[in-house]
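Residue numbers (the numbering used here), protein chains in the order written: chain A, 367 to 679; chain B, 367 to 679.
Pulled from the structure, derived: some chain B residues nowhere near chain A, Cβ distances all over 12 Å:
{"id": "1", "residue": "R519"}
{"id": "2", "residue": "S566"}
{"id": "3", "residue": "R625"}
{"id": "4", "residue": "S650"}
With a Cα cut of at most 30 Å, we get these calculated DSS-like pairs of lysine-lysine:
{"id": "5", "chain 1": "B", "residue 1": "K457", "chain 2": "A", "residue 2": "K368"}
{"id": "6", "chain 1": "A", "residue 1": "K457", "chain 2": "B", "residue 2": "K568"}
{"id": "7", "chain 1": "B", "residue 1": "K592", "chain 2": "A", "residue 2": "K457"}
{"id": "8", "chain 1": "B", "residue 1": "K368", "chain 2": "A", "residue 2": "K368"}
{"id": "9", "chain 1": "B", "residue 1": "K592", "chain 2": "B", "residue 2": "K512"}
{"id": "10", "chain 1": "B", "residue 1": "K457", "chain 2": "A", "residue 2": "K592"}
{"id": "11", "chain 1": "A", "residue 1": "K512", "chain 2": "A", "residue 2": "K592"}
{"id": "12", "chain 1": "A", "residue 1": "K457", "chain 2": "B", "residue 2": "K368"}
{"id": "13", "chain 1": "B", "residue 1": "K555", "chain 2": "B", "residue 2": "K578"}
{"id": "14", "chain 1": "B", "residue 1": "K457", "chain 2": "B", "residue 2": "K368"}
{"id": "15", "chain 1": "B", "residue 1": "K457", "chain 2": "A", "residue 2": "K568"}
{"id": "16", "chain 1": "A", "residue 1": "K644", "chain 2": "A", "residue 2": "K578"}
No wet-lab data here; the hints were simulated from the structure. Model, not experiment: these values are computed from the prediction. In this text, a Cβ means the ideal position worked out from N, Cα and C, and glycines have one as well.
Take a look at the letters that make up each chain.
2 protein chains.
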Amino acid sequence: MKVITREQIQRILPGLDLLPEMERAFVAYSQGNSVVPPVGEMILDRGEVHIKYGFIREEEFYVIKIASGFYGNRALGLPSGNGMMMLFSQKTGEPEAILLDEGLLTDVRTGVAGAIAARHLAPSRVEQIGIVGTGTQARLQLSFLKQVVDCNRVLAWGPNPAGLERFRREMEAEGFHVRTTLDSAEILKRCNLVITATPSRKPILRGRDLVKGTHITAVGSDTPGKQELDPQILHRSDLVVADSLSQCRERGEIYQACRAGMIHHEQVIELGAVISGKERSRSSDDQVSVADLTGVAVQDIAIATAVFRAAGG
Amino acid sequence: MKVITREQIQRILPGLDLLPEMERAFVAYSQGNSVVPPVGEMILDRGEVHIKYGFIREEEFYVIKIASGFYGNRALGLPSGNGMMMLFSQKTGEPEAILLDEGLLTDVRTGVAGAIAARHLAPSRVEQIGIVGTGTQARLQLSFLKQVVDCNRVLAWGPNPAGLERFRREMEAEGFHVRTTLDSAEILKRCNLVITATPSRKPILRGRDLVKGTHITAVGSDTPGKQELDPQILHRSDLVVADSLSQCRERGEIYQACRAGMIHHEQVIELGAVISGKERSRSSDDQVSVADLTGVAVQDIAIATAVFRAAGG
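Let the sequences and hints guide you as you build the complete structure.
Pasting the structure below:
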């Protein structure tokens, strides 16, 4: 069994072309060619652990991901999130590799998924990108958008000026032209491609600020208690897309909007079906679309396999 | 993170005193001091994978075990079973160790549990030990019984003479006096401590052969389809003990006997409660008792922690 460290993974990642790999994984998922059992969960006094696992039929490996969040870690000088991914042979069950990524690959695959959602759902001409949040995931979302969107104008919202200023400097260094705002209403009013990437537990973006021709990708809400979008936004959307139809019954923006009676599950379509062309994408630049990404194990399978192959596995 | 190989584990195991550690784990489980979420399961074309995980409150680690069975492996010259255990800090979620035991620790902890059941439930004077099965687990059961039972007379049953003869030689080398039989009825007629350790899918031992004063520990039946004991045996038992009251609703001999209407779940008591004295053990040497061991994650926690500590962790 090969042990691959975070440092090795960091060296490997820039050389990978992850978007097509991840698109294939989403398509396999939506076509029923993957097996993704329910997420295992363990709640401890100081944190929580999630075990995600599954495989894509006819491929080489199955993947088990162990991810944890321990909220007292910051006080100890440790990151709150941790994680690893393991690959096993689908033929023999033998462990092939352990990727000690400490959560990095989960962050990256979420960034990649955001770019895929934008590629298939954003209006044809993006005037300005709106980013809600200034953390690691907000930075990754913007970085991966470069591969699919021809726009470097960014408006960023965050809850505090210091975080916003740091985000602005970091993203300008990556070639974006970034303005910032402390008024979240500005995001929907001025941007037609919006990404939300916060751990918020109440809506940050309001339906009353929504303008036609906008696409919103929400990546922050990965548990039943989290929410970034006013359910009115989903109610007024022409297209509501989930990475997983089954998961959006239990968590995320779609779960919240269904619970509020603002949309019905039957109108939700799956990202993999949009990618494959089985479901229609937007039919005009005036439509409003929302992609709700709660994260599915096929993404972990795709990125872990790509990293392991690049490491010589 | 420390990586501990099977060879290292094999060197560590003989120096460990596992019975008291495992007894404490069973007691913690029965007292509700452990958290053991439902087992994760994944079925592939050529095998199956189980993920067992949990922790004992106030202890240092949580443990995740990944175990697989791939039935075509033998043709490839590989063992069908494989597995690993991982320890993580309960304080921070950081991975502390990965034990690449390839299933060895699961075999051993099952052997230890059999000895614990015998210590608490066997009649005071064991005349002859009956072993049903001649595989790895049958050998381990007998080996660990040495620590708790003052009897070296063994009668072994197995489905074929070659396997029985090999078992006899191996166990005689460990100091037992072993006779063999191809008639499984002999086991219940001639032994008052009986262990069943086969993957049988239909009863091997019959109620009509049961003699008063017998204790039977069944360790083979770990899935809903497996069964080693005629439900009549449980029906006629004075004590029916499970390692896990919740698991015995879904698998094992107790599940089968309840399904057959031969016993009620309400009469089943838990091994940890017998060890702690909360539930009564046998009150006379004439009683019949059955212990049904399907395997619980606290056993994995106990043995993984003991091995890691002995490895300097």
